[in-house]
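Protein sequence lines, in the order shown, are assigned to chains A and B. Letter by letter, the first sequence follows residues 1 to 324 in the numbering used here. Letter by letter, the second sequence follows residues 1 to 260 in the numbering used here.
Treat the hints with care, as some may be off.
Stated by the list, open to error - Listed below are the simulated DSS-like cross-link pairs for lysine-lysine, each with C-alpha atoms no more than 27 Å apart in a straight line:
1) Lys53(B) <-> Lys14(A)
2) Lys321(A) <-> Lys283(A)
3) Lys214(A) <-> Lys27(A)
4) Lys146(A) <-> Lys86(B)
5) Lys9(A) <-> Lys168(B)
6) Lys53(B) <-> Lys148(B)
7) Lys168(B) <-> Lys120(A)
8) Lys109(A) <-> Lys53(B)
9) Lys15(A) <-> Lys283(A)
Unchecked claim - Here are a few chain B residues that face chain A, going by a calculated C-beta distance under 10 Å:
10) Gly104
11) Lys108
12) Gly124
13) Ser139
14) Ile162
15) Glu167
16) Glu208
17) Gln220
18) Glu222
19) Val238
20) Val250
21) Ile260
Read the hints as simulated data drawn from the structure, not as lab findings. If you're wondering where the values come from, they're calculated on a predicted model, not measured in any experiment. All C-beta atoms, glycine included, are put in the ideal place defined by N, C-alpha and C.
Spelled out, the chains give:
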Amino acid sequence: MILTYVELKDDKIKKAALEALSEGKRKALELNKGLAAVVIGSGKEGLAPEIFSYGASKVYVLENPAFDHYSTQDYAFALAALAHKVNPEVIFFPATSQGKDLAPRLAAKLGVSLASDCTKVSVKSGDLEFTRPIFAGKALLSFTLKSSPQIATLRPNVFPLTETASRKGELIKELVALPADQPKAQVVDILQEHGGEMDVSEADIIISGGRGMKGPENFEVLRELSSLIPRSAVGASRPAVDSGWIDHQHQVGQTGKTVSPNLYMAFGISGAIQHLAGMSSSKVIVAVNKDPHAPIFKVADFGVVGDLFQVIPPLKEELKKALG
Amino acid sequence: MNILVFVKRVPDTESKIRINPETNSVVEEGLNFIINPYDEYAMEEALRIREAKGGKVTAVTVGRDDSLVILRKCLAMGADEAVLIKDSLPETYDGLRMARIIAGFIRKSFPDYKLLLFGKQSVGADNSQVPAMVAELLSLPQANVVVKLEFEGERGVAYREIEGAQEKVAFPLPAVISAQKGLNEPRYETLRGIMMAKKKQIPIIPIEELGFELEDLAPQIEITRMEMPPARQAGKVVSGPPEVTARQLVDFLHNEAKII
């Protein structure tokens with residue numbers, strides 16, 4: 001069986017989790033195995049039909065009042081207990097902040113190695129082969145996992161969503177008894193930045209600024225542009241972050257985030273190698289830069305040589321027209 | 001507070017990576033190696049905690065003799081001691097193997113630690129696995145991708161970066177913390193620090209001395225291929241009056257790429 005961890009945010013299923021479910025279904029079909037899903041939290045059975053529609057035939061809902069607040073240890077304990085009970089051969093997680101925090105803890109608990117942040121999972125002579133970027137995308141590593149279950153986290157925005165017509169399956173609720181008096185870390189609060197601005201790792205479109213932005217105030221221009229475009233986020237290159245113009249959360253590149261959006265718009269970004277590593281797997285790249293020799297143009301599908309401050313105002317007007 | 005900081009030697013982020021397809025490994029010749037940038041934030045945080053609360057900071061790495069350079073850097077920054085755990089295997093990309101070595105070392109040599117600090121990932125393997133795995137193997141609480149860290153007595157509070165927000169995580173000590181950029185601004189080594197670091201002895205512990213069975217440390221990751229990502233083709237580049245180029249750009253996005 002392939003088991004997929006379904007991460008929730010505010011009682012909704014995260015898109016990256018639906019992507020992991022979709023990929024789970026594809027691999028389950030190829031390997032002729034079943035697909036099951038696991039949700040952690042009380043009263044979440046209402047989400048089951050949506051999970052079934054992404055191909056799972058079983059949904060496990062693990063319940064305990066403590067699960068209302070995320071704790072790596074509690075969640076890993078619950079998942080390990082389920083794994084011991086149902087013996088999945090493969091476990092997929094979305095490679096989100098939570099998936100990256102939880103999957104290694106579970107892997108160590110089960111004594112198995114882990115494939116992190118995969119961008120491709122293939123079936124090779126009946127076995128799974130995992131492919132993932134290393135050096136933030138400067139190279140790709142493919143490998144098999146010899147330990148079982150095989151656990152992998154899947155990078156958001158890479159695996160296509162595939163919904164099926166079925167909204168039925170088996171729902172199994174389990175009350176999990178957690179170990180008492182274990183020293184543990186617990187989330188006590190969540191602090192929203194900028195009123196819950198979309199993160200670059202989750203955005204379909206990233207509007208990024210670099211040294212050419214010249215100062216922190218000009219990132220407002222990019223935020224305005226972003227407000228016109230649904231599911232977009234504001235990104236930045238390292239020089240912009242290191243100059244203190246924008247928070248590090250927004251940094252794309254080797255000491256920031258590696259992203260694969262549908263569209264990456266680079267404004268005033270020259271295209272240093274460590275930045276290109278982090279965004280070259282974007283589906284479409286466009287760039288606006290004053291310097292016609294900027295390396296960013298070597299990877300851009302469409303480039304504009306010009307002053308970004310002069311290009312953005314008419315660009316906003318044209319975008320408004322195109323978006324209706 | 002006794003703190004262990006785990007550091008790793010990595011190619012600097014400006015490096016162009018080349019691959020040897022025969023061995024499925026990265027060509028090290030011509031690369032400039034540095035301490036993993038995220039580990040530098042961990043190191044700096046350890047020094048700041050020691051300055052505020054006292055204790056001892058020990059920098060630890062797992063690798064070959066060429067990793068001694070980054071331990072010297074940690075000593076020059078202000079670490080009290082440094083230890084090299086000698087592992088002759090090249091990069092295995094297997095986080096569990098590394099976590100077992102580290103947990104084995106801590107159990108054997110450092111039972112009285114209060115805090116284990118790591119970088120949130122190494123730039124290179126990009127796994128983000130080892131801190132959480134070490135925490136599990138030692139049954140410790142963890143907070144990963146931390147941008148702010150505070151202590152009060154035997155408890156800590158960490159602010160960890162998540163998508164578009166921060167999680168405030170409370171935990172008892174001892175604990176495992178992994179550092180994210182933004183946690184602090186690492187200091188430069190002073191000349192005096194560099195001179196002192198040169199004089200310090202760095203103990204070298206072969207992994208064979210940590211009491212493992214051979215099969216415990218056999219990598220469970222079997223590399224089948226290492227390759228370069230598909231090269232991107234440069235597309236159309238336009239210049240001219242902004243109203244014209246802006247229209248061309250949107251026309252491309254709308255009609256050709258069909259994204260907007």
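Here is what the structure says about each hint:
no. : hint                    : verdict
1   : Lys53(B) <-> Lys14(A)   : 41 Å, violated
2   : Lys321(A) <-> Lys283(A) : 23 Å, holds
3   : Lys214(A) <-> Lys27(A)  : 47 Å, violated
4   : Lys146(A) <-> Lys86(B)  : 25 Å, holds
5   : Lys9(A) <-> Lys168(B)   : 16 Å, holds
6   : Lys53(B) <-> Lys148(B)  : 17 Å, holds
7   : Lys168(B) <-> Lys120(A) : 33 Å, violated
8   : Lys109(A) <-> Lys53(B)  : 33 Å, violated
9   : Lys15(A) <-> Lys283(A)  : 18 Å, holds
10  : Gly104                  : 13 Å, violated
11  : Lys108                  : 18 Å, violated
12  : Gly124                  : 6 Å, holds
13  : Ser139                  : 7 Å, holds
14  : Ile162                  : 4 Å, holds
15  : Glu167                  : 5 Å, holds
16  : Glu208                  : 21 Å, violated
17  : Gln220                  : 4 Å, holds
18  : Glu222                  : 5 Å, holds
19  : Val238                  : 6 Å, holds
20  : Val250                  : 4 Å, holds
21  : Ile260                  : 5 Å, holds
Consistency with the previously given hints fails for numbers 1, 3, 7, 8, 10, 11 and 16, ordered from lowest to highest.
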